[in-house]
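Read off the chains here:
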Amino acid sequence: MFRQLSTMWLLLVLVGTSVAAQVPFPTLWKSSFDVSPDKQKRFNSTATLVFGANEDGACMLRGSDGKSIWSYSFKDKFGVGSFEYQTWNERAGVILFMEDADDASTKVYVDDRTGAELWRSNRIVRFGEYSLDNMLRSNVGTEGGTRCL
Amino acid sequence: MAHAAYDDDGFDVQSMTDYNLTMVTSKAGLQYIDLNSGHTVDVKKIGSFRNVAEASDNVIESKDLKMRYGLDLSTRGLFSIERTITVSATDITSNDQVWSVSFDGKVMEDLMSLGLIGSEATPNISMRLVNDKIIVQYEGVSCFDARTGRKLWSTEYQSSDYSGGLKIEQTLHTAAVLASENSLYLVNRDAEKIHKFDMATGTDSWNAPIINSDDIVPTLIRKDNVLLAQFGGRLAHQTYFVQDQSYKYNQTFVGDSYGVRAYNAATGAVMWDTETMEDVLKSSVGDRMTDLFVHGQNAYFCGDKMLYVLDVQTGKPKYTLDITNFELGKPWALSISADGNRLFVDCDKGVLGLVTSDGGKVFATNTKKNLGRFANGANSFVWTGEEDVELKSFVGIDMISGTIKGGYESDGAMSASEPPMSKNGDYVVGFDDKNVVMYKVNK
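For the protein sequence lines, the chains are X and E, in the order given.
Numbering of the first sequence is given in numbering that gives the first Met the number 0, commencing with residue 0 and proceeding in unit increments.
Numbering of the second sequence is given in numbering that gives the first Met the number 0, commencing with residue 0 and proceeding in unit increments.
Hints listed in this document are in silico derivations from the structure and should not be mistaken for laboratory results.
C-beta atoms are modelled at their ideal positions from N, C-alpha and C, and glycine is treated no differently.
Among these hints, one or two may not hold up.
Which residues of chain X face chain E? A partial, calculated answer using Cβ under 7 angstroms [unchecked claim]:
#: 1; residue: 29
#: 2; residue: 35
#: 3; residue: 40
#: 4; residue: 49
#: 5; residue: 78
Here are the computed lysine to any residue pairs in the SDA-like style, where the Cα-Cα straight-line distance is at most 25 angstroms [what the hints assert, rightly or not]:
#: 6; chain 1: E; residue 1: 439; chain 2: X; residue 2: 112
#: 7; chain 1: X; residue 1: 38; chain 2: E; residue 2: 335
#: 8; chain 1: E; residue 1: 360; chain 2: E; residue 2: 332
#: 9; chain 1: E; residue 1: 315; chain 2: X; residue 2: 76
#: 10; chain 1: E; residue 1: 422; chain 2: X; residue 2: 64
#: 11; chain 1: E; residue 1: 422; chain 2: X; residue 2: 119
#: 12; chain 1: E; residue 1: 222; chain 2: E; residue 2: 81
#: 13; chain 1: X; residue 1: 74; chain 2: X; residue 2: 53
#: 14; chain 1: E; residue 1: 433; chain 2: X; residue 2: 119
#: 15; chain 1: E; residue 1: 360; chain 2: E; residue 2: 411
#: 16; chain 1: X; residue 1: 29; chain 2: E; residue 2: 391
#: 17; chain 1: X; residue 1: 76; chain 2: X; residue 2: 119
#: 18; chain 1: E; residue 1: 348; chain 2: E; residue 2: 310
#: 19; chain 1: E; residue 1: 442; chain 2: X; residue 2: 38
#: 20; chain 1: E; residue 1: 304; chain 2: E; residue 2: 268
#: 21; chain 1: E; residue 1: 442; chain 2: X; residue 2: 119
#: 22; chain 1: E; residue 1: 422; chain 2: E; residue 2: 433
#: 23; chain 1: E; residue 1: 433; chain 2: X; residue 2: 28
#: 24; chain 1: E; residue 1: 404; chain 2: X; residue 2: 76
#: 25; chain 1: E; residue 1: 166; chain 2: E; residue 2: 222
#: 26; chain 1: E; residue 1: 367; chain 2: E; residue 2: 316
Now the stretches of chain E that chain X is said to cover, found in silico as 3 or more residues with beta-carbon under 8 angstroms [as the list claims (entries may be wrong)]:
#: 27; stretch: 347 to 356
#: 28; stretch: 399 to 407
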């Protein structure tokens with residue numbers, strides 16, 4: 000039931016009809032992602048970072064001019080062919096790439112401004128895993144992951 | 000909700016951007032992460048977290064009483080509104096529990112929420128501390144001694160209208176409750192009365208008839224010795240179509256009659272009533288009205304075509320203004336600037352800016368449609384487009400001059416609570432497949 004409702008809610012948001020055009024706001028810049036952002040198209044609250052990703056790769060644009068800050072394929076960068084899930088904790092400045100829902104799948108945490116890997120883990124996902132404190136705690140790597148500084 | 004990902008095994012990560020939460024479902028259960036803090040949010044608090052306007056604060060701290068008060072709800076079955084409500088008090092210094100009381104009651108929710116598990120619900124319950132009393136408002140009102148937790152009194156109350164069948168409908172907040180000084184004013188639509196209860200004893204100090212049980216009274220305002228009651232208004236209306244399992248949420252005008260009635264706050268005697276003042280007002284309020292507010296000694300509201308500015312004590316008009324002269328359609332909301340010098344009338348086709356003191360026109364901006372107005376930072380925007388259930392375009396509007404700054408249109412419907420713009424409203428971000436466009440709202 001819950002799944003059905005969640006899906007329905009999404010449909011309510013996504014379906015629409017056409018309307019008369021408005022004079023648009025002035026354009027600051029136009030740009031494009033290096034990847035097709037099938038999974039993620041979003042920006043942070045200050046619009047200083049614009050993020051796009053699919054299962055095979057990710058790209059971050061600079062909000063001031065639309066230039067690419069970082070971009071890579073997951074296979075080339077992390078040696079992992081695809082990441083099914085991506086979540087961005089803006090306050091922490093960390094993006095989590097998860098290989099899949101398997102408990103022992105690879106989870107890579109990257110710095111949102113540089114795209115650099117912070118640490119990776121194959122730990123089971125449990126409550127608190129994504130919390131800011133856990134993300135930033137230096138000893139997290141010793142609990143099953145490898146911290147990359 | 001901007002992002003969702005789940006699979007057949009039940010693992011689910013959803014970014015609940017409407018509520019600034021990330022929801023993680025796994026075999027281990029359900030978890031919410033506050034995106035502002037990164038901390039796990041207590042599942043019991045999600046209801047009020049997701050629906051702050053309805054649920055109000057579920058934690059109150061009093062430095063005078065040196066206590067912290069918490070409100071918790073039991074879980075419930077699907078489509079049930081029966082809950083066990085628990086209010087507890089802890090010592091601020093020691094964190095020791097001082098008292099705790101539990102009682103059963105009905106707690107209304109969003110229609111959509113009723114089909115979710117209890118921990119996902121959006122309960123319509125609030126708790127407030129008034130002097131040394133704790134008031135809990137649900138489908139009933141209960142009052143407790145804030146020092147001891149002793150129940151002082153309770154009374155019947157219904158917050159919302161609900162009708163079942165193949166088309167389930169619910170209108171929220173159809174009956175107002177107002178705590179003022181040592182009294183609690185409450186609209187009991189079943190009893191067709193407005194009550195004034197003594198806060199300490201629950202004694203019914205007076206009760207005055209409303210017009211009938213179909214009357215909606217969403218707002219009560221106390222100004223000096225006058226209690227103003229708004230009849231009818233623009234309220235949140237929710238519909239669930241059982242056969243195709245779809246929801247429709249919108250704002251609509253409801254009420255058996257529209258207008259304002261003033262009661263003597265001490266006695267309950269009617270002082271004036273717009274329904275019997277057509278000769279004084281030179282018009283009738285009509286078949287809709289905006290929310291009522293008081294500024295200075297005047298009450299402000301719009302009917303279906305007129306703006307009314309009435310003296311609170313006598314009901315006599317300071318001035319009235321025919322809004323339809325500005326060719327912006329009918330008014331649906333009225334607000335006042337922070338400095339009190341400007342009135343803003345939201346109409347079906349645009350926004351009107353007026354001088355508060357005399358109703359002089361500052362601007363009348365036609366946006367073709369005005370489905371809702373919102374502000375991000377110092378920037379104001381108006382939802383345009385066709386329907387309020389599918390918001391696909393908005394324009395920016397300068398609320399000083401009324402100038403339209405520009406607009407944005409999306410292929411898909413946008414979330415009303417999270418339009419695609421920076422938090423300060425200075426930038427709008429548009430996506431089209433791989434392409435990104437950054438718009439600047441202010442030149």
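For each hint, the structure was consulted:
1. 29: Hint on residue 29/X: holds, closest Cβ of chain E at ~5 angstroms, below 7 angstroms.
2. 35: holds, 6 angstroms
3. 40: holds, 5 angstroms
4. 49: holds, 6 angstroms
5. 78: With a minimum Cβ separation of about 22 angstroms from chain E (threshold 7 angstroms), the hint on residue 78/X is violated.
6. 439/E <-> 112/X: Holds, at roughly 22 angstroms.
7. 38/X <-> 335/E: violated, 42 angstroms
8. 360/E <-> 332/E: holds, 17 angstroms
9. 315/E <-> 76/X: violated, 74 angstroms
10. 422/E <-> 64/X: holds, 18 angstroms
11. 422/E <-> 119/X: violated, 31 angstroms
12. 222/E <-> 81/E: Violated, because 36 angstroms separates the two Cα atoms, which is more than 25 angstroms.
13. 74/X <-> 53/X: holds, 12 angstroms
14. 433/E <-> 119/X: Violated, at about 28 angstroms.
15. 360/E <-> 411/E: violated, 36 angstroms
16. 29/X <-> 391/E: holds, 21 angstroms
17. 76/X <-> 119/X: Roughly 13 angstroms separates the two Cα atoms, so the pair holds.
18. 348/E <-> 310/E: Not OK: residue 348/E and residue 310/E at ~29 angstroms, beyond 25 angstroms, violated.
19. 442/E <-> 38/X: Violated, because 33 angstroms separates the two Cα atoms, which is more than 25 angstroms.
20. 304/E <-> 268/E: violated, 29 angstroms
21. 442/E <-> 119/X: With Cα atoms ~44 angstroms apart, residue 442/E and residue 119/X exceed 25 angstroms; violated.
22. 422/E <-> 433/E: Since the Cα atoms of residue 422/E and residue 433/E sit roughly 23 angstroms apart, the hinted pair holds (cutoff 25 angstroms).
23. 433/E <-> 28/X: holds, 14 angstroms
24. 404/E <-> 76/X: violated, 43 angstroms
25. 166/E <-> 222/E: Not OK: residue 166/E and residue 222/E at ~40 angstroms, beyond 25 angstroms, violated.
26. 367/E <-> 316/E: violated, 31 angstroms
27. 347 to 356: violated (count 0)
28. 399 to 407: Held - the stretch 399 to 407 of chain E has 5 residues with a Cβ nearer than 8 angstroms to chain X, which meets the minimum of three.
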